[in-house]
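Asker: This is what each chain is made of:
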Amino acid sequence: MHNKNQYLQEELLRTSGVNPKKCMRCGKCSATCPAYDEMEYHPHQFVNMVESGDIEPLLNSKSLYRCLSCFACIDRCPRGVEPAKLVEAVRLAAIRKQGANHLKADDVPAMLDDDIPQQALVSAFRKYAK
Amino acid sequence: MKVSYFPGCTLKTKAKDLDAYARKCAEVLGVTLEEIENWQCCGGVFSTSRDEVATKLSSVRALKAANDKEQPLVTVCSACHNVIKQTNHQMQTDAEFADKVNRYMAPEAPYGGETVVYHYLEMLRDLVGFDKIKEKVVNPQTGKKIAAYYGCLLLRPNKVMQMDDPENPRIIEDFIRAIGAEPVIYASRNECCGGYVAMESPELAKKKSNAVTSNAAAAGAEMMVTACPLCRYNLVKNGSEIPVVYFTELLADALGVKEDTNA
Amino acid sequence: MQVKEYKPLIVAFCCNWCSYAGADLAGNNRLNYPADVKIIRVPCSCRVNPMFVLRAFQRGADGVILCGCHPGDCHYTSGNYYTRRRMALLFSMLDYLGIEKERTRVEWVSAAEGAKFAATMNDFAEKVAALGENKRLEDLRCKR
Amino acid sequence: MQRIGVFVCWCGSNIAGTVDVQAVSDALAHEPGVVFSTNYQYMCSQAGQNMIKDAVAEHKLTGIVVCSCSPRMHEATFRKTAAAAGINPYMVEIANIREQCSWVHKDMQTGTEKAIILGKAAVAKVNLNTPLTPGESPVTKRALVIGGGIAGIQTALDIADAGFPVDIVEKKPTIGGKMAQLDKTFPTLDCAACILTPKMVDVAQNDKIRIFSYSEVTDVKGFVGNFDVTIKKHARYVKEDICTGCGACTEKCPMKKVPNEFNLGMDNRSAIYIPFAQAVPKVATIDPNYCNMLKNGKCGVCSKVCAAGAIDYTQKDEFIEEKYGAIVVATGFNPISMDKFDEFAYNQSKDVITSLEFERLTNAAGPTAGKLLRPSDLKHPHTIVFVQCVGSRCDACAEKGKEYCSKICCMYTAKHAMLTRDKYPDTEVYVFYIDVRTPGKNFDEFYRRAVEEYGVHYIKGMVGKVTPEGDKLKVQASDLLANKQLHIDADLVVLAAAIEPDKSARPLATMLTASMDTNDFFTEAHPKLRPVESPTAGVFLSGACQGPKDIPETVSQAGAAASKVIGLLAKDKLTGNPCVASSNELMCNGCSTCERVCPYGAITYENKEFRMPDRTTAIRRIAVVNPAVCQGCGCCTVACPSGAMDLRGFANSQIIAEVDAICK
Amino acid sequence: MQKITRDQLIEKAASLLANGTVSCVLGWQKGEFDYDITPAVFETEDELKANFVWNDFCGANFSKYLVSKTKKCEGKILVFLKPCDTYSFNQLLTEHRFDREKVYAVGIPCEGMADIAKVKAIAGDGISAIDCSGEKLAVTTIYEDAPVMIDAKDVLAERCVNCKSKKHVAYDELIGEDGDVIDSARFDEVAKIEAMTPDERFAFWQNELSRCIRCNACRDICPACTCEKCVFGNPNSSLENKSPANSFEEKMFHIIRAFHVAGRCTDCGECSRVCPQHIPLHLLNRKFIKDIDSFYGEYQAGAEVGSRAPLVNYTTDDLEPGEVFERGDN
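Protein chains in written order, with my numbering: chain A, 938 to 1067; chain B, 183 to 445; chain C, -4 to 139; chain D, 925 to 1588; chain E, -9 to 320.
In short, the hints are calculated from the structure, not lab data.
Among the hints, a few may not be true.
List of simulated lysine-lysine pairs, BS3-like, C-alpha gap at most 25 Å [said to hold, decoys possible]:
| # | chain 1 | residue 1 | chain 2 | residue 2 |
| --- | --- | --- | --- | --- |
| 1 | D | LYS1030 | C | LYS111 |
| 2 | C | LYS130 | D | LYS1326 |
| 3 | B | LYS206 | A | LYS999 |
| 4 | A | LYS959 | D | LYS1331 |
| 5 | E | LYS156 | E | LYS108 |
| 6 | B | LYS341 | D | LYS1326 |
| 7 | D | LYS1408 | A | LYS999 |
| 8 | C | LYS96 | E | LYS280 |
Short derived list, chain E residues pointing at chain C, Cβ under 8 Å [claimed, not checked]:
| # | residue |
| --- | --- |
| 9 | GLU184 |
| 10 | ILE211 |
| 11 | PHE285 |
Pairwise CB distance ranges, derived in the manner of DEER restraints [unchecked claim]:
| # | chain 1 | residue 1 | chain 2 | residue 2 | range |
| --- | --- | --- | --- | --- | --- |
| 12 | D | PRO1476 | A | GLU948 | 46 to 54 Å |
| 13 | D | THR1054 | E | SER5 | 57 to 65 Å |
| 14 | D | PRO1476 | C | ASN23 | 35 to 43 Å |
Being a predicted model, the structure only gives us computed values, none of them experimental.
In this text, a Cβ means the ideal position worked out from N, Cα and C, and glycines have one as well.
Okay, chain A solo, but in the shape it has when bound (with noise of 0.2 Å):
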């Protein structure tokens, strides 16, 4: 099968050193994961599709934005396959382009409230802008 993203999905592999051939198919990533419902592709479809070089509706998808970097699924994962890498790695790739910023500074103000610590300003724009 001709796979047209191949660079990519080269790239996506080596830069997250996940191995997704690795994958048995279990979907323990998706049964652990807290951001599920949230989420248009879940963790086991981001190890398949990116497998299988289905990539670019993982790059346009709103799922990138919603992982909360928990782990879970690194720490769960009976095959030691690590998601949550993967999609790490998607996100990357995704806000690396120019102008793909996901957050602009802009919006900020309206999400602030009095309460909120740095950290999720920092975490949020760590995530969602290059």
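Please build the complex by placing chains B, C, D and E on the supplied structure of chain A, with the hints as guidance.
Answerer: Just chains B, C, D and E, lined up with the frame of chain A:
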């Protein structure tokens, strides 16, 4: 005992009390926290991507500063701890990454992840000892039923954090026992509160936080302790039925220095 | 002046259980390989002492190959694992002394791999022939 | 000097077509030691063999070289011929000029040249051959079976049936093993106790079988046919031969709060106990960790109520030494600890249980008398979630669990699910699976029945988290086919824990010098062709100690192991392979290098007094090879730094002579 | 200059002799020249005071002598062990070559030993005396009145320049302080040879080994070579040969010798120290050590008693003999 200390941005602003109690308690326990000079924000989240270099340099600088003083590096905030420990681990295990970092920073001696990173809780357990804390308690928190809230960042990824059993941890429970209170075990203590996604999707954070607090309350907890300002924010903001406090505040109370602390 | 055609001399140590049987199978299937290859049967590849390898070179061999069961399939459970370590070190040392690394080889050949046996021998004989006569580990007193 | 006869075979045209056999026999006639050389059409035929016999007589041959087909084909034939002609069979060498010469070379000249060289090498070797006699050792006609589960029971019964005495060593107070704890068995659903306990009784009543219960093997010496085994019989503080098993003591014992291991700690037993009603031997045992009399001398109730007078608080551990000809390992398995999988809350809720615990909960002799009640509040569970593959099929880099498939879980889970739905139709049953693996007779049909007839919800996916809250277990799981995350409020969660070899297996393997894989399963001598033998001669494998197995497989393997044992014990003497290693004690350093590479534990050391060149004496440590155990691989000969160790039949000098002959 | 003094050692030995702990002492004594120090057995304090030597030329590793001496000596033997000697000591114990009960081992620190060839290169020939007691070596020659003063650092033996450990891994008693295992550069030289082309390597070794006179000094001094009967002296081994008749013999002897001690060699460097032809024999042994470390994980022979040497061990995923050339190959 002297250790390097990385407070982090939130502890200088919204969570000043977490910091102040930590410093005061360390004094009582005979630990000198030497704040790293000119530390910079860790970034709040660690990127697992191997080609993210620049965003991890601030952590490496802190680690290197501690290493230069031949001290372990202690953090209180769960997020800072997670970022710094993971960065350190990447310096140890990813030679290509470490090489890039060292070329970029051009230090006199290359840094290879030599610094030992402790969370304040680990410091209490491994360097001070819960037994010693027990001896120093003047105001035991007897009768309090306290639920430890770990969240995600303290324990995971376990391979890197190596702090405790990620599914059945006991470090905070042991801490709670050391100060004379009774720990309440509940399953959601290592589930996510919603984290930074609270900014963009408060609904998600609310759902996650409520699941945690209601699970703790159902297990009979009267109070929750946490080490993370963002966890505390999410739990409190989303209407926890029970109070959520920083573990350092409880410790200060138990050691009898809560009132003296300028929090 | 008459130039004698150069034919390499190759000594192949084969373990009784897999590789010797693999060589037999190559015979059964009439798979050709050069007659320069002469097989010595040993119970297990781990019976091969580095001394035998050097002895062969001394007496005029141009190449020495050891064949044994695949790792994990040793008739004696672990013999070939020891062979693997011993020969890895020996070959590395020969290389260190500047002796052509193509003159020595270890190959795992099962009793079912007659074709692999013949292919291995063809390939090895070709590589050794390309190197020409063994000069760096020769003993002129033993020359033919 | 040898007197060697060379016999070149034509093999019809198989050899003679490519090799000039006359030229070969002529050339070899001039080799050192050769006194006779000939060729013939079919050397292996009766006429050919007679030709060899005649030549031996006529030329007083001491050695024979046959240039023919592969030794793997006819070495045995010509050795017999030699023996019949009155010379030692190991004075025969074969030059393989068919498979490794005539069949792979086309050119007559090339083939002939090579055949001559191969012949020369064989002659050179025979010149250095020495007559070899296989060693003989007697066989102790008694077998030891280690482990008294269904594997050990079946092996022992089969061996005893052939008329050989067998001893079973079982570390628990009763035989029966895991099968005794099971409720029903798949796929036929017959009751485990109904099929197991008669066998246990058979064992008890068989006069060829002795049971050492509450005992363990502490030392094994010797080798195939001649093992010396030390068995430690733990003090049970009850005289086994006097106790009638009436149970009066267990009723009256005031210490009743001992976790009952037979029910996996889900209820309590007394300090003096009989594990279960059908225990064999049906004898009480006092648990010294809980008995007040043994701990502080205060009580003695059991002694007072025992009409038979069987109680003996002063009993000591006893060591028994016995000789055996064969040893069968049947140490079985255990479910792994669930500590590293606490996302399933096993340590947090009593209502999260393992499948083995579920067996006890549904067993009529279990803690709930067979009623399916959940442990926390003894209420009937209405929603049950089964989780498959807990700790099985984990990658090594996940750093928890086992890499292998535990094999039995799919079927027992289908059984549990089906039985639950059968008895309690008001219960919803969910099974989370990764794959359903049901290879076996009537196995897939069984699983399909669970789905189709009993309405068990099979969901492809895994459970991610179990959160006990109130009286519910909140199960968060994925349904991969529906691409949904499920949230189920369950009353009971059952984990199909991976199984692992019993902890006693590794120290036992060390004692037996039997090899194990990285998972601590015993390694078989050959994975396909010798699946019930260990590479160590005389040690056999039965049941799950070799790999995960269900009951039918265990029983068939047990029978196979027994037949191997019977085959061994039926012999009066064992004849070994004479091509074994031997150490020259004058050159041996006693450095233990050879011992470390020997896969069979054939090498031991002894201190021996030597006269030194300066007329003093010195005690030196030297290696001794047990020829009955050595299999002749020769690994030690290369490991030996001084060259003291050599291999008969493949001596250093012989191989070097071959090398020299080939390279000449 | 060594940190501990001769007097300290004599005092220790004398007291152990006096209280009956040991019945003899294995120590150094002066040979023909000041720098030519030989091992000797002392039985009395007087003998010690008369002949015992401790200075920068006491390189000899006594471990090997224990194999024969423990069989001969009635009581316990006192042996002084420098850090590097203790590795050989342990390795011999692993191989059951002597009875540990018959030895009283005293660990002594070592500041590195001098190489007489380097001394001669500075001071010239005709050395009549060397005084090691001062800060610098005072070397007197028959040609000059004033001694030549040499900094000990400038004449350190190669093995001491690349010292692998100042830590004692075996002793009953320690004099002075124990040091640490050192992250030495001892494999640099091997790496340099590895980086050559095969032709250069061949020429290099041809040049080195062609000097071999087959005196067997390397074998005789080697603490790993304690065989009851050496294969090179055994007419039945096919390896016996008394002279390095040609280049094959030279190579074979050294390859087989290095292979025999592979995994057992502690890299004590005695072979190179005693080679009268100055062949860098340690580079053969170190090649094996380097290979073992990189193929099978770091292993230091003699670091502990009873460890399983790499050649009597394996893992199922060891590298293949063909792969050894791929590693680091351009």
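Asker: Are the hints correct? Go through all of them and say.
Answerer: Status of each hint after checking the structure:
no.	hint	result
1	D/LYS1030 to C/LYS111	holds (19 Å)
2	C/LYS130 to D/LYS1326	violated (54 Å)
3	B/LYS206 to A/LYS999	violated (44 Å)
4	A/LYS959 to D/LYS1331	holds (20 Å)
5	E/LYS156 to E/LYS108	holds (23 Å)
6	B/LYS341 to D/LYS1326	holds (17 Å)
7	D/LYS1408 to A/LYS999	holds (17 Å)
8	C/LYS96 to E/LYS280	holds (18 Å)
9	GLU184	holds (7 Å)
10	ILE211	violated (21 Å)
11	PHE285	holds (6 Å)
12	D/PRO1476 to A/GLU948: 46 to 54 Å	holds (51 Å)
13	D/THR1054 to E/SER5: 57 to 65 Å	holds (59 Å)
14	D/PRO1476 to C/ASN23: 35 to 43 Å	holds (39 Å)
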